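Chemist: So you can see what is in the structure, the chains are spelled out below.
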Amino acid sequence: MKLVAFVKKDILVALSYRFRLLLDLAGSLVSLLILYFIGRTFTTAISPYLQPYGNDFFSYVLVGIATANFVTVGLSALADEIRSAQVQGTLEFLLATPTSIYTILIGSTLWSFISSFISAAGLLTLGAIFLDFHVSLNAVLFSLLILLLTFIAFLAIGMLSASFVIIFKQGNPIEYIFGWSSFLLGSVIFPVEVLPRPFQLIAQILPISHAVRALRGLLLAEYTVGDVLSSMINLCIFILVLAPVGGLFLRFAVNRAKRDGNLVQY
Amino acid sequence: MQNAISILNLSKTYRIPSVLPWRKSRRVPALSHVQFDCPAEKITCLLGPNGAGKTTIIKILAAIVLPEEGDVTVLGESVFKGTAALRQRIGLLTPNERSFFWRLTGYQNLDFFTSLYGLTGKKKKNRIAEVLSLVDLEPDAKKPFRLYSSGMKQKLSLARALLPKPRVFLLDEPTTHLDPLARAEIHRLIKEVIVQESRATVLICTHDLAEAQKLADHIVLLDKGTVLAEGSMQGLREKLYTGHRVVLEFERIPEQGWLQGLQVMDVRSSDKQAAIEIQDLSTVPDIVDAAVRMGGRVSRCIQEDKSLEEIFSDFTRTAE
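Chains G and B, in that order, are what the protein sequence lines are. Count the first sequence with this note's numbering and you get residues 1 to 266, in order. Count the second sequence with this note's numbering and you get residues 1 to 320, in order.
Pulled out of the complex, with its shape left as it was, chain B reads as follows (with noise of 0.2 Å):
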């Protein structure tokens, strides 16, 4: 099978109820014509601000909420239909650590939710000290959940979602609220035990470009429900960003007006600094020259690579 997730024309809106009970309720769009799919074992990031509609994609991939429109297939089956075989196929972590109970001790958390996974007895047993070697949990696995760190919290729902086995997992902000070590922790835990060792499918949520630099092979741009491009890393800041930023820092400032007549997509000045976006480098040349002609004096000149967040937050505005 080529890709594990296939999302065809989905669309949401949520109801909001008015406060007075004559008026009729409003509905906002949460999710518009949304259409993408999802590589079979490879990460898929999904990135786009608050309030984009990741979260609400995954919640329809868990089955969760329902959308007005479109289909979504997981693993060839349609998720609508809700079979239990699916979602048992399905790993799910969530951002939110309220999702345990917070009195039983990880191994209890994990012990309640195995036997809703089917598991019983020794098999049962055998899965739990596997998740929980797996994500490096045995010796806190006694403690009471309320106790743990917000990196032990984050790998225990890890654990619980490897309980099952999926084939597809859904990473809904996996980092949130994690210091640096931490997060490369968990990062760790996804490339190499559930993609490189598992081969299954994930698909991450996250607002964090420099999470989904490290961990994509494939992203989807999303914003206020609308998918604004998708594809591998290189291949978005290609298709979104096609020309050059040249910086010119001046030791004496060129009069007004001195880019007049030349080919430049954008400047940003500043104090005794021009960053200038341009097309084509061979006009490097003439942007100098024509500083020089109109008082200049050029101290330095150099090419600096537009960084993806730039590119990303561009591409964002325009595409408002």
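One chain only, chain G, in its complex shape (with noise of 0.2 Å):
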């Protein structure tokens, strides 16, 4: 129920900023279109890469940002709740109250998650609506299982990334590392095919890139669960490795915040 509290409360505060939801919605449109048109810049050309998803670059393109969106939110979101927290003020108190550091932390961030994956079910939605964008509707239920392992990943990865802020209050080098390396190698807007080999197995140790090739998989090119099997295993053995090591970590993070007192500094 505490959880529950914490997705009710950002709900109400994001209705109370109206003008940036619009905002937020009109950018989201804005992006769909500009991917839409460079698709269809590219529509005569055959890639070899696309080939097993239809050949279609803006669909895949649209499921590579979706999942890159859920996975920056995922990455940044409960470094950006903390310092939010300590900024505005919050955190003191609610670490006062009866709830866990864990509690309040992931109950941070759920809104988050739960408005970016809002948004990216609506733009593939819009997508297939409007925009020519082929999507498999029986992947969906696997699809969604797929950005829950993604989700709880990227959530240990969060952990260690909240500790840094804990810590150093700002400079928080493994948003960086994982936004930047996501992007680059984990083939959200090109295939890493086309990188040289060396970038291709780093590739490998990025979640994204299990959970981008998974989720095309089942709603581009009709894959079957036995096919994105290997990636969902990939999956869930990240956050059997990052889960424990992100919590270890945050909780020294918090023990030695509150040694030097400075768990509500920024």
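Hints were generated in silico from the structure; no laboratory data involved. Bear in mind the structure is a predicted one, so any value in this text is a computation, not a measurement. Don't take every hint at face value.
As the list claims (entries may be wrong) - In silico BS3-like links for lysine-lysine, alpha-carbon gap of 27 Å or less:
| no. | chain 1 | residue 1 | chain 2 | residue 2 |
| --- | --- | --- | --- | --- |
| 1 | B | Lys143 | G | Lys2 |
| 2 | G | Lys8 | B | Lys125 |
| 3 | G | Lys8 | B | Lys24 |
With the hints in hand, could you dock these two chains into one complex?
Modeler: Encoded structure:
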């Protein structure tokens, strides 16, 4: 119920900024149109990398961008929420309630995830209705499962990221490293296969590569669950490795900040 | 239980990182071997100037800051274990009005925080209605917090602290920035609602002596991170100041050195007036005699109580 309270509070806060909501919506629509017209530019070009996905660049990049937006939120939401709670001054009181730091952190980021999920789903739906985005509806359920695994994997990385914000306040290397590498190497806009071999190997240790590959396979290439099973297993391995590490780092950071007395400083 | 809060040998330093990365950070002492108790169901005032370490003690009690040394128990449980059950029994009021969500209404803020205290459904609604009624904020509950006056914000802070029906209240500067009427209202709420009705224990941090005088059953005088003295207001007064003050007003001022040979503790002279601190009132006739002998003409001699502000500031200066 505490998590629901966080989401409810964040929805109320978001609704109180109506103009921003409107601008976000307009920005998403403009991005969608830009991607669509880039796709139209290359309609007649045939790329061997896009052939498994119907040689449709728009559909290819739309799934990539929708996933990347979701992942970006996962990476930055925890750290952003901590910083925002420090700046706003709410963190101190939240910590004084009988609520664990983990509940506070996850609760504070849930709305960001839900809104980015709604935004991603909205982009895909609008693309499907108006802009010839071809999607296999049968795969939607498993796509949601992959998104959930991606969410948990990036939440774990987010805990590492939040630990840096708690200790160093500003300057968060985790966000830079995973953010940049995810966009560059994660096959978000272009397939990683066009990059030199070493980069392709590095891409394998990024959760986004597996998430995007599985989602594109399910939504665009009518892969079966068996075809994306290896990607799902890889995401689970990421979670098993990253979640305890993230949790330990976070506990260390919170205890250190409590000792230094700067938990709520920014 | 006799003491609701026990603080034993508490020391805390803050780390100040060096601007130059190759230099070691330094540590600034905030508390040094602080030790005192807060009697149950009474109001204890932690009184001291800015930077005395009052807020650090509140933060340690609320388990937001960890000390280097010492032990702190609230209701018999160590706060460093940080159990949810203990936090459920502590109500916190901070002077930081930014600890609320400004875009939400007062009611929505309380709704959120009540959920964090584990209340749901009808129980939650009833509790919010109860605390809003206690602090008399029902008519303004649906207004956005950002439109609240300072007094309303402070009342909502108190309402929030009341939410979990705590047994111990930690109130850090509860009347900062309030006008006299709003201060009186907050004082009434603390005395009547928290202590008399709820029979809870209160620890208030303040630098305002009048506030301490009005509210406190027990005072802990803190300066530069150390406890200088503690006790009731009257007890402290007797402990810190054992003398008397006599003020002589002159029509004609006596010659210099007229007090030589007399047992006086301190003299402050101004134009045609001398405020003399003495240990024993029986020396007053000798003082008047000496003034007359040295050419002075005394128009008035009165005994004046030293104000508490003076007693505390003198004591703080002496302790330095």
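Chemist: A separate judgement is required for each hint: does it hold in the structure or not?
Modeler: Results of checking the hints against the structure:
| no. | hint | verdict |
| --- | --- | --- |
| 1 | Lys143(B) x Lys2(G) | 24 Å, holds |
| 2 | Lys8(G) x Lys125(B) | 15 Å, holds |
| 3 | Lys8(G) x Lys24(B) | 45 Å, violated |
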